[in-house]
Structures are given as C-alpha cells and as structure tokens.
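Asks: Chains as they are written, first to last, in the numbering used here: chain Z, 1 to 277; chain B, 1 to 254.
Some hints here could point you the wrong way.
[Said to hold, decoys possible] Here are the simulated distance ranges between beta carbons: (1) B/R212 - Z/G11: 52 to 62 Å; (2) B/E121 - Z/L250: 58 to 68 Å; (3) B/D30 - Z/R112: 32 to 42 Å; (4) Z/L250 - B/S126: 51 to 61 Å; (5) B/R212 - Z/G119: 56 to 66 Å; (6) B/D130 - Z/R274: 13 to 23 Å.
Since the hints were derived computationally from the structure, they do not count as laboratory data. Each residue gets a CB set at the ideal place from its N, CA and C atoms; glycine is no exception.
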Amino acid sequence: MSSTVLEPPRGVRRWVGLALSLVVLLATWSVVAAADLVEPHYLTPSPLQVWDAFIRANSHHAVGGGIDRVVRGEENYFLWEHLVVSLRRIGLGLLFGVLVGVPLGLLMGSVRWVGDLVGPYVDFLRSLPPLAYIGFLVAWFGIYDTSKVWLLFLAAFPPITLATINGVRGVRQDQLNAARSLGASGLQLTTAVTLPATLPDILSGLRVAVGFAWTTVVAAELVNGLPGIGGLAYLSGTQNKIALSVACILVIGLTAIALDAVIRTIEKLVVPWRGKA
Amino acid sequence: MSKGITVAGLGHEFRARGGAVPALEGIDLDIAPGEFVTLAGPSGCGKTTLLRLVAGFAAPTSGTITVGDVPVAGPGPDRGVVFQQPTLYPWLDVRRNVALGPKLRGVGKAQRLATAGRYLELVGLSDAADRRPYELSGGMQQRAQIARVLAGDPEVVLMDEPYGALDALTRERLQNELLSLWRASGKTILFITHSVDEAVFLGSRVLVMSPRPGRIVFDEFVPFSADADLAPEEIRALPKFAEVAGRVREAISH
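With the sequences and hints as input, model every part of the structure.
Replies: Set out below in structure tokens:
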C-alpha cells in the first residue's frame with residue numbers, strides 16, 4: 001500500500017488506464033466505420049450510430065422511411081424492458097437453482113451414500129449444454145416463459161449443487177466437533193456450522209451459475225424470445241439493424257459484468273471472513 | 001457440580017496400510033471430580049487420541065470411558081473441548097461464539113448474551129466482544145474459546161495443547177489465568193501438553209504417556225496448583241517445582 005505524492009494510488013491509475021484504452025478503442029472503431037471497408041456500409045455502424053440506436057430503442061420514435069407513425073422502443077418494448085424481462089428469467093432460474101441446489105448439495109455432502117447415488121446424475125446434467133434440451137422443454141412446458149425458466153434452472157442448479165458439496169466436504173472436522181461438544185443436534189450442526197461454513201462456496205457456485213444462466217438466456221431467446229435482450233439482439237441482426245444489434249451486445253456484456261460485480265459485493269458483505277479464517 | 005472420568009481397559013488402534021497400528025493400550029485411569037489432570041508426553045504418543053476418545057469424537061477399539069455415571073457414546077455438552085487450533089466461527093462475533101452453547105440448549109437471546117458477557121469478562125475479553133475471531137490475536141482466540149466452553153457449563157473440560165502455538169510470554173499469562181479459573185470454578189480438567197513445565201505448573205496430578213502403543217508410565221499428585229495460598233508466579237520459583245519437573249522429564253525421556 002505505498003502511494004507517494006508523485007504517484008497516484010493504484011485504483012486511480014487503473015481507472016485512468018481503462019478510460020484511455022476506451023478512448024483509443026472508440027477512436028479506432030470510428031475510423032474503421034468511416035473507412036467503409038465493408039459494403040454495404042450499415043454493416044459497420046459507428047459508435048455514434050450505435051448510441052443513436054440505443055436511444056431510439058429506449059424512447060418513442062418515428063418509424064422513419066417516410067411513414068408517419070411513432071412506435072414504442074423496439075418491438076413495442078423499450079430496450080431496458082427487454083433487458084428486465086431477460087433478467088427476470090435468469091432471476092427466477094437462479095432462485096429455483098438455489099432453492100434446490102443448496103439443500104441438495106448439503107444433503108449430498110453430508111450423507112455419503114446420497115452423494116454417491118445422486119452425484120453421477122448431477123455431473124451428467126452439468127456436462128450437458130443446457131440448450132440441448134430446449135426442444136424437449138418447449139414440448140413439455142410450451143414456448144413461453146415456463147420453458148425458459150426451466151432451462152435456466154437446469155443450467156444454474158448443477159454448479160450451485162457441486163459448489164455446495166465441495167464446501168460441505170471442506171468444513172473443518174474440528175469445527176463440527178466443537179459444535180457437537182457444545183450440544184448441537186444433527187439439524188443444529190447443519191444450520192449452525194455446515195451452512196454458514198459453506199456460504200463462501202455457495203456464493204462462488206452462484207457466481208458460476210449466473211454467468212452460465214446469462215449466456216444460456218441470450219441463446220434461449222433465439223426462439224420466441226421477445227421481449228428479451230437476447231431475442232432483440234438476434235432479431236435486429238436478421239433485420240439488418242446492425243447498430244441496434246451491436247447496442248444489444250454491449251448491453252448484454254455490460255450487464256454480465258454488473259451482475260458479477262453485484263455478487264462480489266454481496267460476497268464482501270455476507271462472508272467478510274473469506275480468506276481470513 | 002463437576003464429575004469424574006473413569007477409563008477402564010482402554011485400547012485403540014488405527015487402521016493403516018499394512019494392518020492395524022496400536023495407538024493406545026491398557027489405559028486405566030480414574031479422575032476424581034475437580035481434579036486438574038495434565039497429561040504430558042512426546043508427540044505421537046497417543047495423548048491427543050486419548051482426549052478425543054473421552055470427547056467422543058471416535059469410538060475406542062476396546063475398553064470403556066465413563067463421565068459421571070454415563071458411558072461415553074459420542075460428543076456431548078457434558079464434556080467441553082478446547083482445541084489446539086481455536087475453532088471459533090468466523091461468521092459470528094466473539095460474543096455470539098461464546099453464547100453458542102446456551103443457544104443450542106434453547107436459552108433465550110437476552111439471557112445467553114448476558115451469560116456470554118459474563119464469561120468474556122472472566123477471561124478479560126469484554127472489549128473484544130463485538131469483534132470477529134479473525135480480528136483477534138492467537139492468545140485472545142484461545143481465551144475466547146475457553147470462555148465459549150465454560151459458557152456451555154460442562155461437567156469436565158478437555159484441553160488439547162491449547163497453548164502449544166502461542167509465544168512464551170502469552171502462554172505463561174494464559175497459564176496463570178487458567179489456574180485462577182480452575183481454582184475458582186472447581187471444574188474437572190484433562191489437559192494435554194508436550195511442555196513439562198506447563199504440566200507441572202497446572203496439574204494437581206501429572207500423567208506421562210510413552211509412545212507406541214500409548215501407555216501411562218507416570219502418575220503423580222502435585223501439590224502446587226491446588227494450593228490457594230500460592231500465587232501463580234510463586235509456583236514456578238519453588239525448588240520443589242524444579243524437582244518434580246525433573247522427574248517428569250525423566251519419565252518422558254525414559
């Protein structure tokens with residue numbers, strides 16, 4: 001932690017570096033877009049055109065092309081509404097993933113024969129790309145949100161379960177013994193020691209699951225995904241609205257980074273002892 | 001009220017590659033209520049194994065262990081355990097760590113926090129009550145662990161080299177505190193150590209174990225620690241202290 005008067009602290013230098021690299025990136029992008037290397041030229045929108053598409057997608061705007069009609073955002077939803085719908089899907093998928101994955105992981109980690117019995121099935125589910133069963137899920141649950149939430153649940157719960165098992169098996173034996181010597185029953189042992197001791201691993205698993213669910217939701221929205229940010233990114237591409245498609249891509253990427261930052265903040269608040277004890 | 005510990009015909013083997021390794025053999029031991037028994041011996045002699053069997057963390061291969069009139073069949077709140085590595089929970093502050101025993105017994109929140117406060121005061125940790133365990137020094141962590149065990153109000157206290165990892169000065173201070181605690185509470189204590197001086201200073205009775213298989217080869221009552229007229233600092237300076245320590249040392253190296 002050495003910072004002198006001449007040298008700005010590390011955090012500041014990092015942000016300055018990031019801002020500079022962003023400027024260089026945008027400048028290069030503008031030059032390439034203006035050079036019209038690719039024909040037709042709407043295939044290489046400039047940063048400003050992408051920004052315009054982003055604003056249009058978040059407001060009431062004229063259809064253009066000489067037609068005197070005002071529409072709401074894109075496909076009748078603002079872009080942020082498309083994003084919220086996608087986030088709601090992964091939120092539900094993750095919620096069910098935690099509700100099933102954590103108790104299952106605790107059980108599989110604490111009771112050896114359950115772990116041995118169920119383990120291969122969880123491993124099997126985890127090794128499948130979730131999109132492999134979207135067709136099956138649509139057949140079972142229809143083409144609306146239910147099948148998508150099921151898909152995200154199936155994508156999210158294996159990493160959460162496996163991280164929980166890992167955490168349970170890593171609990172120090174003496175931490176369990178200490179509680180038993182203080183009179184803890186089997187159930188109390190789980191709630192008072194195993195669960196809190198496993199919390200850091202559960203949150204790691206959740207972080208993996210969020211990344212997994214996010215990539216999956218964008219792909220899953222290729223089919224009947226509107227409203228949905230992944231659906232919009234796909235549709236706009238097929239309609240040659242490249243600027244809008246790029247705007248969606250940027251929103252998808254930035255949202256993923258923001259989600260990860262949110263979980264890391266939660267980690268700091270909920271498991272402040274991580275790496276210290 | 002404290003209870004005694006009775007160990008009869010105790011033997012224990014560890015399964016290893018190439019057959020069973022005997023860890024303990026033919027241990028017979030009667031610890032009276034209120035006794036402070038220190039058990040010394042070289043590393044690997046089985047003293048920790050003996051303590052863990054009394055705690056109920058493992059079942060012995062042969063023989064029986066009884067605490068009060070109850071045969072040991074697993075861990076229980078009648079036997080508090082102070083571990084060498086403190087097992088305080090980092091998700092609880094120090095006060096809630098100490099209040100855990102009463103909490104598990106279903107004591108109400110206000111009452112168990114008051115109990116915890118009392119025991120923290122007893123070990124001189126009132127100021128650290130709101131901190132997390134990892135914010136404490138090693139010595140303070142051991143004090144907190146002892147407070148947690150005492151707050152559970154066990155019949156006997158089992159201590160497994162609790163001061164082994166501390167620096168000499170801290171260790172001496174904690175030994176003095178423990179002696180005062182024992183004199184005031186009259187708890188039955190079984191204390192494992194590899195330090196001869198610690199064993200002679202704390203114990204009203206000193207045992208020595210020999211290794212492979214573990215056997216008790218020395219068993220002597222020591223008058224210092226129970227003598228309330230002797231201040232802790234005075235004990236170490238007694239000529240008789242050095243004499244007993246010499247005998248214990250000889251028993252260990254024999």
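Asks: For this structure, which hints from the list above don't hold up?
Replies: 5
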